[in-house]
Amino acid sequence: MTGVELRDVSFRYPTSAGNVLKSVTLQCRPGQITWLYGPFGAGASTVLLLAAGLAPRHTGGTMTGAVSVLGHPLDAAGLSPLLGQIGFVTATPHLQMSGIAATVWEEVAFAPANLGWPLARIEQAVEDAMTALGVAHLAGREPDTLSGGELQRTVIASMAVLEPAVWLLDEPTTALDAAGQTDAYRMFRRAARDGATVVVASEQADALADVVDRLIVLRDGEVVLDGDPMSLLAGDDIWEGGPGSTSVAGLCRDASRHVDSPRLAMPYPVTIAHALERWG
Amino acid sequence: MDSRNHRPAWPARGAAVWGPPILMELPSSVSARLLALIPPAVAINVAIGRIVAELHLPVYLDAVGTVLVSALAGPVAGIVTGLIGQVLTAFISGYIWLAFAPIQVIVALLAAGAAARAGFRGVPASLAWGGLVGLIGGVASAAISYVAFKGVTSGGVTAVTTILVSLGLGLAPAVTVSSLLTDVADKAITFLIVGVALRSLPVRMRGRYPLGQRAVRR
Amino acid sequence: MALAISMLAFLLPGPRGPLLLYAVTLVAMPIAGVGRAIRQGLFICLPLWFFLFLLHGVLGGGPTFGVGPFALSRDGAELALTQAGRFGAIITVSLGFYHSFDASRFLNAAAAKRWPLHLSYLFVATLHAVPAFLARTASILEAQRARGLRFGGGPVARARAVLPLTLPLILGALAEVDERTHALDMRGVASTRLRTPLMAPKDSVLDRVVRWLLWLTVGAAVVWRMVG
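Protein chains in written order, with our numbering: chain A, 1127 to 1406; chain B, 95 to 312; chain C, 9 to 236.
Keep in mind the hints are simulated off the structure, nothing from the lab.
Every residue gets a Cβ at the ideal spot worked out from N, C-alpha and C, and that includes glycine.
Warning: the hint list may mix true and false statements.
To be verified - Only some residues are given here: those of chain B computed to face chain A with a beta carbon under 8 angstroms:
{"id": "1", "residue": "Ala212"}
{"id": "2", "residue": "Arg215"}
{"id": "3", "residue": "Ala219"}
{"id": "4", "residue": "Val290"}
{"id": "5", "residue": "Arg293"}
{"id": "6", "residue": "Arg298"}
{"id": "7", "residue": "Arg302"}
Claimed, not checked - Between beta-carbon pairs, the in silico distance windows are:
{"id": "8", "chain 1": "A", "residue 1": "His1384", "chain 2": "B", "residue 2": "Gly216", "range": "40 to 50 angstroms"}
{"id": "9", "chain 1": "C", "residue 1": "Leu127", "chain 2": "A", "residue 2": "Gly1274", "range": "38 to 48 angstroms"}
{"id": "10", "chain 1": "C", "residue 1": "Arg113", "chain 2": "A", "residue 2": "Gly1274", "range": "49 to 59 angstroms"}
{"id": "11", "chain 1": "A", "residue 1": "Ala1305", "chain 2": "C", "residue 2": "Asp110", "range": "30 to 40 angstroms"}
{"id": "12", "chain 1": "B", "residue 1": "Ile257", "chain 2": "A", "residue 2": "Ala1265", "range": "51 to 61 angstroms"}
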């Protein structure tokens, strides 16, 4: 079964000059972390909004094609039948807060309370989510007093509490430091291992290269590359009018234009570990 | 092939202006957006009042958020914004100010009516519509001020009332004149601000609010 | 209690009724631990009282009586005292309620009473949003001042400053609505299920008895005004 599937989807926002997505067909499988990668305007965020049932319902626009999540198509109103089972995180934590929680604990408990979970279940789930994201010690703090990183961890915990079957993440770790990023992706990796479908839209190639299972590259609303992340990031195609690869690969590619050496030839090393392996 | 052509999920054209759905029964897409839009709109009412105080201007501009939401999202959303704002004022400064809640309803309804007729398409239209709303709102304010407050509400308007009474005008006419003077100026400037804001909306944002586009004739 | 006193302020015959009610609030607020409501209430009421006595006492018509160098209208003074008592009682008890208000407790009580989330959410979210917007306003004022915008001068000059100060606030707020909408939607704010209260709000026997007594008093006052 596919986790998130778009079948021949074209989409245009109400005020777009043209289609933001053009006949896109892609599948993101359960048990994997899929990375949607592309420059600004490529359509990665739009894919996430469609999968979440937020577009065109909230954004307006015209869609053709079919979107389904865990085998369930969006309904006639464009509402995902899995609302409440999807974890949706973006890069701006202060815009994702509930606006009514007096403490971090209440913030994390906001969603399950809205869904009418029994209190005992909420309490256990909140404790688990806060522990996983390293914010248990902030339980009694007011959300307004948190730093950017603490806020982003809290936001991720606020979605993790739902134990979502699908994670849709749009630059979820921008506000996090290195330790925070590690904790977050460790949690997403665990979720994928437990069968969740995890889809990340991000331009942070360095952070994601060795974390994800599959890479889909978008350019101007079309899928241009789809496959193993290491292979794609080590090649030249990802540079052709696309977002580029990791810093290490970029360095090697640039250097290879000035120095003729087999050590700098394709496939480029993608991470520092790869580079050390190649260069001894 | 499945084609779904969506305007952002606001009520349909007729319903948006004259057919108010009950808040609790609004579709989920509308309610989430209203829950995101209304609190900052009410906060705008309060914050702009602070700006006006900083500038020492003899107006309140405490309905900018209400008018904005009415123009963007229709009369029901505008009414809810105005009422929440009035409840907040009453909560912080005394329940007695709840008596002015009907004014919020009047302003929101008239602002939505103005938006439906492209009343924010330019400065002259905005000022004219704002003046009209101020005229109608001023008469209603005067009635409430006279009956519930015996002519004494806030400093500026009551000072004008007192001067008029000391010049020999009866209490009821004095309250009416002072309310009209302040409300017409206040709402004219309010509509001017909202009109400029609507016309300044970036293209991407305009698409979310088809009612707002109609308000500026786009 | 705040609602009951507000209603009684208009039901009880003036000026003794509202003035007595104001005296009751002056005693009750410190007992309830919100004595600062009295001071804040005075700050709001004093200008209102001043205009009441000026407009109705000094400038009012009908038979007069002397108070020092002033001749006050008898009917006007009575009206002013009645209204002053009403203002005092209602504003003071409202402020007392405001200072004792706990947003979390309110939300959980609303959920326990099966109110739709929308109403309680709108009120509490607005309460939280206002201080943030006031802080943003202060930043905009500073930023525009730094860019050379003048706030002084004649009324026209000051009026010209309104747009550069208000537009960034409005456009900034609207720019954030999309993401807030998505986040709220994904967190089940539009769920049709009953919200789970996160804590059981306490409603002691004493609270309930006092509430019933207050409403009985209001009911008795209504009947008395209709019959009397």
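Against the structure, the hints:
At about 18 angstroms, the closest approach between the beta carbon of Ala212(B) and any beta carbon in chain A exceeds 8 angstroms, and the interface hint on this residue is violated. Because the smallest distance between the Cβ of Arg215(B) and any Cβ of chain A comes to about 18 angstroms, over 8 angstroms, the interface hint for this residue is violated. Hint status for Ala219(B) relative to chain A: violated, with the closest Cβ pair at about 23 angstroms, above 8 angstroms. Given the 8 angstroms rule on beta carbons, the hint for Val290(B) is violated: about 20 angstroms separates it from the nearest Cβ of chain A.
Contact between Arg293(B) and chain A, as hinted, is not supported at the beta carbon level, the nearest pair being about 15 angstroms apart and thus beyond 8 angstroms. A cut of 8 angstroms between beta carbons decides the hint on Arg298(B): the least distance to chain A is about 6 angstroms, and the hint holds. At its closest, the beta carbon of Arg302(B) sits 6 angstroms from a beta carbon of chain A; the interface hint therefore holds under the 8 angstroms criterion. Here the CB-CB span from His1384(A) to Gly216(B) is close to 60 angstroms, at odds with the stated 40 to 50 angstroms.
The beta-carbon spacing between Leu127(C) and Gly1274(A), approximately 32 angstroms, falls outside the hinted interval of 38 to 48 angstroms. Between Arg113(C) and Gly1274(A), the C-beta spacing of about 29 angstroms breaks the proposed range 49 to 59 angstroms. At roughly 35 angstroms, the beta-carbon separation of Ala1305(A) and Asp110(C) lies within the given 30 to 40 angstroms, and the hint holds. Evaluation of the 51 to 61 angstroms hint for Ile257(B) and Ala1265(A) yields a pass: the beta carbon distance comes to about 58 angstroms.
Going down the numbered hints, you'll see the structure goes against 1, 2, 3, 4, 5, 8, 9 and 10, while the others check out.
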